[in-house]
Amino acid sequence: MKGNHASSFARLFAWMSFTICSAAIAQAQQRPLITEDVDIIPPGSLRIEAGVDFVQKARFPVSGLTGDLTRAGVIGINIGFAPNVEFQIEGVAQNVLSINSRGTSAIPLNLASNANSTSDIGDFTLWAKIKLRNETRHAPSFGFRFGVQLPNSNQARGIGLNQTNAYGQILFGKKFGQDARVNTFANLGVGILTAPTALFTQNDVLTYGVASIVRLNRQFSLAGEVNGRASTRPGSGPLGTESQGEARLGMQIRASGLRFDFAGIKGLTKRSPRSGITVGVTYDTPSIFTPAK
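Numbering (the working numbering), first residue to last: 52 to 344.
FYI, nobody ran anything at the bench for these hints, they're computed from the structure. Because the structure is a prediction, the values reported are computed rather than measured. Hints are not guaranteed to be accurate.
Here are the computed lysine to aspartate or glutamate pairs in the DMTMM-like style, where the Cα-Cα straight-line distance is at most 20 Å [unchecked claim]:
id : residue 1 : residue 2
1  : Lys225    : Glu186
2  : Lys108    : Asp119
3  : Lys108    : Asp171
4  : Lys321    : Glu297
5  : Lys317    : Asp119
6  : Lys108    : Asp255
7  : Lys321    : Asp119
8  : Lys226    : Glu186
9  : Lys225    : Asp255
Label pairs and their calculated CB-CB ranges [as the list claims (entries may be wrong)]:
id : residue 1 : residue 2 : range
10 : Ala163    : Pro285    : 31 to 39 Å
11 : Leu267    : Thr155    : 42 to 50 Å
12 : Arg184    : Lys344    : 17 to 25 Å
Think of the CB as a built atom: it goes at the ideal place given N, C-alpha and C, for glycine as much as any other residue.
From just these sequences and the hints, can you work out the full model?
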């Protein structure tokens, strides 16, 4: 009897492992990228992402600080509400800046003159993503995502801006190759950024992202992207809303029902960090609730 129970448990465990692994391959697989995929996670399920970023020569024009930044707890929580609707929460639990240099600050700072580091919570963003059109043989999938960034940070710490910003993005996606091995997707949108040092002023920036994930086998995938924003104002735009961009190249590794990832980061504009790395892990839950209809 005990042998039968053990055999049944082993078969159940194997079936669950296969189901989780298959679902992970079929669904959108985003980390370590920040460009948004069009695909939606299943209704009633959650995607939980956590990671750490290390970037060199991060620049903060408003506070005048420059240094090496650690983003500890880069968090993402996605919730499937319908076959074509997803809600997302993303942000950073703690930013820690090792200060290399201090320039002129445009705002009062709560830092000692000889401080060699500062830390603060990151600003969190709430997103809603809607998939409007499925991919066909000749045409890409199509969707829309809009979000609001909340003022969670303390600008006096010199890292965050403590501003409310709004975003809207059009999403595209197309898969190529045998068994849709190559997943390509792109974002194009607008960000309405509050100027932190000027009253009644904002900068409408163009946001963009082009990314691809190439599945090498059931365990390994190669991931790369170019992502950023471009100021629409003459010159560099209002302080704190300048153009930024970065390229990422890395891998995803599936093991034990989780998806681990790592990537190198290269800044593409003079206001972007010079370089860095990111590492993280993603867990896709099975369906844990039934959305209202």
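A quick look at each hint next to the structure:
Only pairs whose Cα atoms come within 20 Å are accepted, and Lys225 paired with Glu186 is accepted, the gap being roughly 7 Å. Note on Lys108 and Asp119: the hinted pairing holds, with a Cα-Cα distance of about 5 Å set against a maximum of 20 Å. With a CA separation close to 18 Å, the supplied pair Lys108 and Asp171 stays within the 20 Å bound. This hinted pair checks out: Lys321 and Glu297 have alpha carbons roughly 11 Å apart, not beyond 20 Å.
About 14 Å separates the Cα atoms of Lys317 and Asp119, which keeps this hinted pair within 20 Å; it holds. For the hint pairing Lys108 with Asp255, the CA-to-CA distance comes to about 26 Å; that exceeds 20 Å, so the pair is violated. Between Lys321 and Asp119, the direct Cα distance comes to roughly 15 Å. Compliance with the 20 Å bound is thereby established for this hinted pair. Among the hinted pairs, Lys226 with Glu186 is consistent with the structure: their alpha-carbon atoms are about 8 Å apart, no more than 20 Å.
With a CA separation close to 28 Å, the supplied pair Lys225 and Asp255 exceeds the 20 Å bound. Our hint of 31 to 39 Å for Ala163 and Pro285 holds, since their Cβ atoms are close to 37 Å apart. Checking the proposed 42 to 50 Å range against Leu267 and Thr155 shows it holds: the Cβ atoms sit about 49 Å from each other. Between Arg184 and Lys344 the CB atoms are about 22 Å apart, so this pair conforms to the stated range of 17 to 25 Å.
Comparing the model with each earlier hint shows violations of hints 6, 9; every other hint is respected.
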